[in-house]
Amino acid sequence: MGRSATELPPPVRPITVDEVAVRRRRWLVLGVMSVGTLLTFLDNTVVNTALPRISIALQASTSGLQWVVDAYILVLAGLLLLGGSIGDRYGRKRAMTLGLVVFGAAAVGASRSTSIGGLIAMRALQGVGAALILPATLSIITNVFPREERARAIAVWTAIGGLGIGCGPVLGGYLVDTASWHAVFLLFVPLVVVGLAGMLVVPESRDERGIGLDVPGAILGTSGLTALVYGIIHAGEVGWGDRWGLASFAGAAVLLAAFAAVEARSPAPMLPLKFFRQRDFSGAVLLIGMVLFAMFVTGFFLTQFFQLVQHRSALAAGLLVLPTSVAVAISAVIAGKLIHAVGPRVLALAMTTGMLIGLGILTQTTESTSTIQIVAALVIFGFGAGLALPALTDTVMAAVPERDAGVGSAVNDVSRELGGALGVAVIGSVVSNAYQQELHRLLSDKVPAEVARTASSSIGVARQTAESLPPDLAATLTRAANDAFVSAIRGGFKASIVIVGLAFVVAATMVPRRMRTTQFGDGPADPH
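Residue numbers (the numbering used here): 241 to 768.
One or more of the hints may lead you astray.
Unchecked claim - Using C-beta positions, here's what the derived DEER-type ranges look like:
(1) Val573 with Ser355: 42 to 48 Å
(2) Gly479 with Val429: 22 to 28 Å
(3) Arg387 with Trp484: 29 to 35 Å
(4) Glu607 with Val738: 33 to 39 Å
(5) Thr749 with Leu513: 20 to 26 Å
(6) Gln604 with Arg449: 51 to 57 Å
To be verified - Straight-line Cα separation of at most 25 Å, DMTMM-like style, residue types lysine to aspartate or glutamate; simulated pairs:
(7) Lys333 with Glu444
(8) Lys686 with Glu707
(9) Lys514 with Glu707
(10) Lys333 with Glu389
(11) Lys514 with Glu503
(12) Lys734 with Glu690
(13) Lys333 with Glu388
(14) Lys333 with Glu448
(15) Lys686 with Asp712
(16) Lys514 with Glu448
(17) Lys734 with Glu477
(18) Lys686 with Glu607
(19) Lys734 with Asp723
(20) Lys686 with Asp723
(21) Lys577 with Asp723
(22) Lys577 with Glu388
The hints are simulated quantities; they were obtained by calculation from the structure and are not laboratory data. Glycine included, each C-beta is placed from N, C-alpha and C at the ideal position.
Could you put together the complete structure from these sequences and hints?
Rendered as structure tokens:
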């Protein structure tokens, strides 16, 4: 976007001696930020493999177990914009330090929980800490790295985040098998200690204008995002027609519309809406959400497939999903070196192409599909995904002034969280409905109607139901449940192909051919 003929670029401020010293230790700062990133992304998945043990130890219901996972996601996504704005206004180092303390205390509290309600509360508190940590990591990186090096730093940030997501099920499975479910939460304590020690080398940065917090925007934005994420999570659990889910979506629409109106009139908005008028910013945010939509849901279903259909252990299932994250990390590092040469658009097109190939292979999945075939598909899928995520994040961060880096980072993170939550909820509903219909068809007149109705809840319930049946009926039910589930997840992969296909179009039309050479607001905007 160009400037008007009468608008002159601001004078270039000379770099001070302190800033030179900061930039000399910038890679060490990146290491500290990577610890914060690892914490927040690891917490998205590490708890999943501990849920069966938690269920027994705390006598938790299925709904309670769902909220052990969802409480963290809900609070994190709802508070990200506020967390980023707090960092910009009052100091990013200060916000991240506070976030680390809150996150660590909540992790200890979670490990000592004696009731499912207490555990859910501690998971929500971890979300509060993560909402202060995550936007700060990326905004601090933006502050300490010069524009020409920032893409490489963001590539490392992306790689660490990808490894955190992928290592979660493996670490969780190992700790549960060798220690207890408590160890899954205590795992975060040494990482928090390392992060807090590392904050000694991190410089403080903030919006130099010294403006206060946009309180109306903070209230409306946080409430609207929380209502939206709650609606998505609730719909994924009980269906899209449930009245509480519909009420949550309606509330989110009203709150977010009011948020947009308030921000448009505010002299110092928490989220300047003008950022979305830039095609590269909006395109990158949209594409990140679409990519995470496909990534989260793919791992969600394959973990169940490995354990419930192919009868592998939780640890084995985690190890089989891990290649996706390793491939993301490797390709993200490679992309950091390619981005200046080929530009974001080429990388984004390569990303969606690789993901489409991987998903295409997964649509051929059967109960007896070999490990090699599935791992190959996941490696192609993950390698593709990692090719453009650093470039897209860099595009988002370059399209906002450095003073608003925390909010820019928060928008980037919100797109990730919303994309992942939507993927599980939307494709989860598609798969659930397809499973129920196919199971009823396969079991028609072969087992009692009550058995078929109970087993249609999920393949996990089908396995538990089969254990109480005579051998012949158990074999019939198990075979039908496996066939129905595999058929359903193939349909889920096909639905994901549609989303990634649309992402290909977004990449071709909204992602710029080359990177911005200057930060937004530092000079004339780059043509795209």
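Hints, one by one, checked against the model:
no., hint, in the structure
1, Val573 with Ser355: 42 to 48 Å, "holds, 43 Å"
2, Gly479 with Val429: 22 to 28 Å, "violated, 39 Å"
3, Arg387 with Trp484: 29 to 35 Å, "violated, 47 Å"
4, Glu607 with Val738: 33 to 39 Å, "violated, 25 Å"
5, Thr749 with Leu513: 20 to 26 Å, "holds, 21 Å"
6, Gln604 with Arg449: 51 to 57 Å, "holds, 56 Å"
7, Lys333 with Glu444, "holds, 5 Å"
8, Lys686 with Glu707, "holds, 17 Å"
9, Lys514 with Glu707, "violated, 59 Å"
10, Lys333 with Glu389, "holds, 21 Å"
11, Lys514 with Glu503, "holds, 10 Å"
12, Lys734 with Glu690, "violated, 31 Å"
13, Lys333 with Glu388, "holds, 23 Å"
14, Lys333 with Glu448, "holds, 14 Å"
15, Lys686 with Asp712, "holds, 10 Å"
16, Lys514 with Glu448, "holds, 20 Å"
17, Lys734 with Glu477, "holds, 21 Å"
18, Lys686 with Glu607, "holds, 21 Å"
19, Lys734 with Asp723, "holds, 17 Å"
20, Lys686 with Asp723, "holds, 15 Å"
21, Lys577 with Asp723, "violated, 44 Å"
22, Lys577 with Glu388, "holds, 11 Å"
Hint compliance for this structure: hints 2, 3, 4, 9, 12 and 21 are not met, and every other hint is.
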